[in-house]
Amino acid sequence: MAGSPSRAAGRRLQLPLLCLFLQGATAVLFAVFVRYNHKTDAALWHRGNHSNADNEFYFRYPSFQDVHAMVFVGFGFLMVFLQRYGFSSVGFTFLLAAFALQWSTLVQGFLHSFHSGHIHVGVESMINADFCVGAVLISSGALLGKTGPAQLLLMALLEVVLFGINEFVLLHLLGVRVWGGMEWGVGGGQGQPLSQEHGGGGGVLPLHLTAPPQVRDAGGSMTIHTFGAYFGLVLSRVLYRPQLEKSKHRQGSVYHSDLFAMIGTIFLWIFWPSFNSALTALGTGQHQTALNTYYSLAASTLSTFALSALVGEDGRLDMVHIQNAALAGGVVVGTSSEMMLTPFGALAAGFLAGTVSTLGYKFFTPILESKFKVQDTSGVHNLHGMPGVLGALLGVLVAGLATHEAYGDGLERVFPLIAEGQRSATSQAMYQLFGLFVTLMFASVGGGLGGLLLKLPFLDSPLDSQCYEDQVHWQVPGEHEDEAQRPLRVEEADTQA
Amino acid sequence: MAGSPSRAAGRRLQLPLLCLFLQGATAVLFAVFVRYNHKTDAALWHRGNHSNADNEFYFRYPSFQDVHAMVFVGFGFLMVFLQRYGFSSVGFTFLLAAFALQWSTLVQGFLHSFHSGHIHVGVESMINADFCVGAVLISSGALLGKTGPAQLLLMALLEVVLFGINEFVLLHLLGVRVWGGMEWGVGGGQGQPLSQEHGGGGGVLPLHLTAPPQVRDAGGSMTIHTFGAYFGLVLSRVLYRPQLEKSKHRQGSVYHSDLFAMIGTIFLWIFWPSFNSALTALGTGQHQTALNTYYSLAASTLSTFALSALVGEDGRLDMVHIQNAALAGGVVVGTSSEMMLTPFGALAAGFLAGTVSTLGYKFFTPILESKFKVQDTSGVHNLHGMPGVLGALLGVLVAGLATHEAYGDGLERVFPLIAEGQRSATSQAMYQLFGLFVTLMFASVGGGLGGLLLKLPFLDSPLDSQCYEDQVHWQVPGEHEDEAQRPLRVEEADTQA
Amino acid sequence: MAGSPSRAAGRRLQLPLLCLFLQGATAVLFAVFVRYNHKTDAALWHRGNHSNADNEFYFRYPSFQDVHAMVFVGFGFLMVFLQRYGFSSVGFTFLLAAFALQWSTLVQGFLHSFHSGHIHVGVESMINADFCVGAVLISSGALLGKTGPAQLLLMALLEVVLFGINEFVLLHLLGVRVWGGMEWGVGGGQGQPLSQEHGGGGGVLPLHLTAPPQVRDAGGSMTIHTFGAYFGLVLSRVLYRPQLEKSKHRQGSVYHSDLFAMIGTIFLWIFWPSFNSALTALGTGQHQTALNTYYSLAASTLSTFALSALVGEDGRLDMVHIQNAALAGGVVVGTSSEMMLTPFGALAAGFLAGTVSTLGYKFFTPILESKFKVQDTSGVHNLHGMPGVLGALLGVLVAGLATHEAYGDGLERVFPLIAEGQRSATSQAMYQLFGLFVTLMFASVGGGLGGLLLKLPFLDSPLDSQCYEDQVHWQVPGEHEDEAQRPLRVEEADTQA
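Protein chains in written order, with the numbering used here: chain A, 1 to 497; chain B, 1 to 497; chain C, 1 to 497.
Keep in mind that the hints were calculated from the coordinates and are not lab data.
One copy or two, it doesn't matter: identical chains are merged, so the pair holds either way.
In silico lysine to any residue, SDA-like type, Cα no more than 25 Å apart, as pairs:
id, residue 1, residue 2
1, K362, Q14
2, K362, G252
3, K248, G478
4, K248, L459
5, K246, E479
6, K373, F437
7, K248, R316
Assemble the whole structure, with the sequences as input and the hints as a guide.
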């Protein structure tokens, strides 16, 4: 069918029809189910009892904006490193994120804040939605350049659901018993009993009680990074292209595309402390989480430079390592940064993550392709996969060391089940470990299903010779003012196949 | 006179002399009139009664910083899409904004916060000034590449005054009667009775009573977007260049200029929730406004991708649409996002705006030039004009549906005149509609006057063959390290004319 | 030794070994000394007495994030202007900052928040660390392109210590007597009695009393800009390269490198109000400081455009001026923006700074190189040196005018020694002036020592013909997709020497 007019016509319609359908369906579901929550709706916010200054907006929105910048600027530009795929990298990230944030508002809403027949939204649902988008974009990094936008939207449709279920299982179902007679809390997206926290601190009415989370993962080492990475890697395995070397000449960077990618890197790096702390407990919780992440990132940057020079040809640094592995410090403390990690612990974790990630780019990515047939375009296994698993294991370790002495009153917030004597620290550590296995299982099965979905034969997918190429999807201007549009045309290219 | 030495000398002096004069005059006016307000000046902030934590700074400054980033990063880089006009796009945006923010502090100060012979400034005057700068930059987008910096400064000199008067009329003069015996409030720039809001919430002394606004327009669908767009379009009409095709070869983008422009797009997109909510009521007001804008932008992104692919050659996406129309969701809820729009309403509005905007780029911009002789370089009619008018009409609709039940205590904040029984919802809707007409009138007459001003024969303006060209105004390096400066020189070029 | 295999092997190992050593040593010192402070550690934050909403995190973290963006995005990209040194500019800034923030946490901690055998960290130590990083990056701007990364790390190792000591002397030792029986405050990094401020405002337990600072310098005109600039300039003098013209062809910019640099400029510009106000007193202190900086920057932008066109060839603007001198308004109010500068004073100061800075680039930088043998790659003398000294002098002037009437209760916060009658305003002005001389002395002696350190013969340093060249340190892709790696290779080049 390749190269035929019908195929071109099909491609012409797949993306717009899918966009229109998904947006239409989402809007209908919003109309039926989504309502402002008590902190967003003036009629529900009883003015006499609350000060406007206590609205959760002021404690979460600055963090949200940083997370938002990471998702759209950070991920978007980080993927611009490919020489001829800049429009697609930043554009499809934009499209995918704009859809996935709506869809995850619905999915997470059904699972976490559905009561009286409605989903209730506010700043914490915005953060949770952006977190889920992060996982989807991580997965898309493994597929970068090898899938069309319609395929990516379908992937998001599936992945957001599985992300929500996995998170729900970790937060609420892993325990021996589910608390009876209690409603899920309004702000329980990441399992943070927000209302209670805030109620204790600022006078917000505790609207609903919240069951304590079974597994802690505030910054998503498991639920975001591990899940997103292995979902994408398994999916990439299913979509394995043995003939991909036809597009190898476009798989590298050029000088200015690497500089654009550094915009993404730096914005991810500077705002990661806000990412990990966005949904932790108010007060010392957010404060400590941000501080730990700041130290961890600094250490992963130094270990990345050290290792990149050590393993580089003639001792020269490799921009791919700096762009990616320097960020591993943020991933590796995703679970433990809200715990009593200590500043030293944060440095050590970051150092280890930067090392593992850099070595992964150098030595493991080639093996992943040659032996395991996983073509991981932007190296998500090195930046999110391994550091995510390490981060989950670090969470096991730190949770296992939790004591009343070290946490004081904070124990009630971070590990309520330990504080209330329902669990020992060792037992909590085992739950954390089990959470990692559950996540890996969901990610693998989900990625496999995703691969089957994306292989549906009628879906438009770039040819092996057309991967990493903007012109398949975009009207592309020349590189200089005196150039006409580039000679390669999609229709002609189709006939190569 | 073209090409003569005297012209070159004139050009040499126009910009610096105008900059020096404007800055000098502004400084003198600041010395005479501008003082810190009660929230900024320690001597006026009675320590015994106020907690530092209640200073309005903490509730508005994070929003201000986002707005500031939109103005300087967002607008600046969005306009870098032209292949040879990057220095001018980002540089003149910078210059224009730096002047206009000072000038609008004065103009808005005289109109809104002038008492006891002084203008009182603080974080809300910074936000209001940046909002006015937004309108000026929108207008400049229609003229991009066709005017010199001195012309743009003169445009700002006029436009800021008209912006201030239009806003003042909408907020205070449209009503049947002006409240007697009341002083305008300190923070009334956008008509938000800030002190009262805050007084109710946090203990700030209600320094001055504020008359309730006649028309609501928190995010400026009318006062910023509609006003800025039609002011610029009418001005562009007056400056119509029939010979502009002499510069057509420079009017497109190149690959990396489109990527730079995406930096602008993404920063505008992520911070737009802060823009619309920056001056809304504290607490639920800001919370709900940000949430509505977030949803609207997500939907406009999906409809933009859908429509761009639908109308694109071979179904391929057009970067111009993505860079611009995806932002229309922020414009279209500028008036209504502080109202009970509902999440579904936000999605529907954004979807419509993205659709109209994309279709505008494809079908209406060419007609605008050929039939209406309006050369709209960056398509402000599509991004700000039509979505701004749609946003005003949406405000009419949503205001007309306002009820005590839906808004609860919030009615007093959003529509105080309805809450106090002085107006029906239908009557408020009529005021909103009348506000749109007033804005269109001010913009059109103002744009016409601006055109006459900019046509003053002694003003330096690029030749028809020199539009969209940085070298007219800048010392430009080559594109590669082995290139000398580009061959085209302004002096030689002048002789073409 | 140039060109020999042993040299190449040495280079291969210097950077990684130094990174590993510095990170290892830092981690050990963290393990022994660094602990969470009372606002970060839940066990220390007595829940019953404090509201979470009063945690200092909420009053400082948004400012910190802006400062963080300035350091990593602003400085990083500002230095990308060199045509072939983009990877090094943004990469070494990243590396240097990631190390220096850890090291300055230790150094400043020992000097300012060391008690009971531990350094206590929290959001204010993050801000103080980033401030110190700013000084280090300013110094590195003078050396840009002429030093290897290992040299830069050694410079940071020395400079951070001297920065800390200089700041300590200014804040605490310049007075006639040191207050007996008082502990240094937890948050006293910039000499702000944070706990007291906050204690007065929001209910935080005043954990430790703080000695009032002897010299005020909230935004670091002296401690950051003057110190960083003259440290770097003296260091550059010691490293003077008479044969640098061998690399002159790479010292300029290309079109897109100038656009990348403007990303740095704009992010520095928009967030500078947060920089100067990050550590000022809560409430009106932060509010007023941000407002003053905003006005000063606007004025310096106009004077920069005016002067750049006045002195430019054919009246054309020079991108170097816009990228740098427009920022001088932030530097010049670094000391005085927390004082009663008045909005007019801010405009006047900014105007002057932009003028001096632009003229410096045009006329003084060439003299600096030819007469004083200081090769100042990115012109830090114009952006940080002269405006920093001007800012210190402005601080002398404004401090000398301090009265109870003008400051009201604010006098106690800004000039506690005047408020308590221990000093006259004139006397405070003399202390401020003395602070400038002390800073210049520390910077000069430190820069000299730094130069001797960096000249150690075994340290890897680029050849005169290899300055401003990424390939010395990085694996560099081509500029276009059809290019192989650039022909120049480091090994070959070495043999030129």
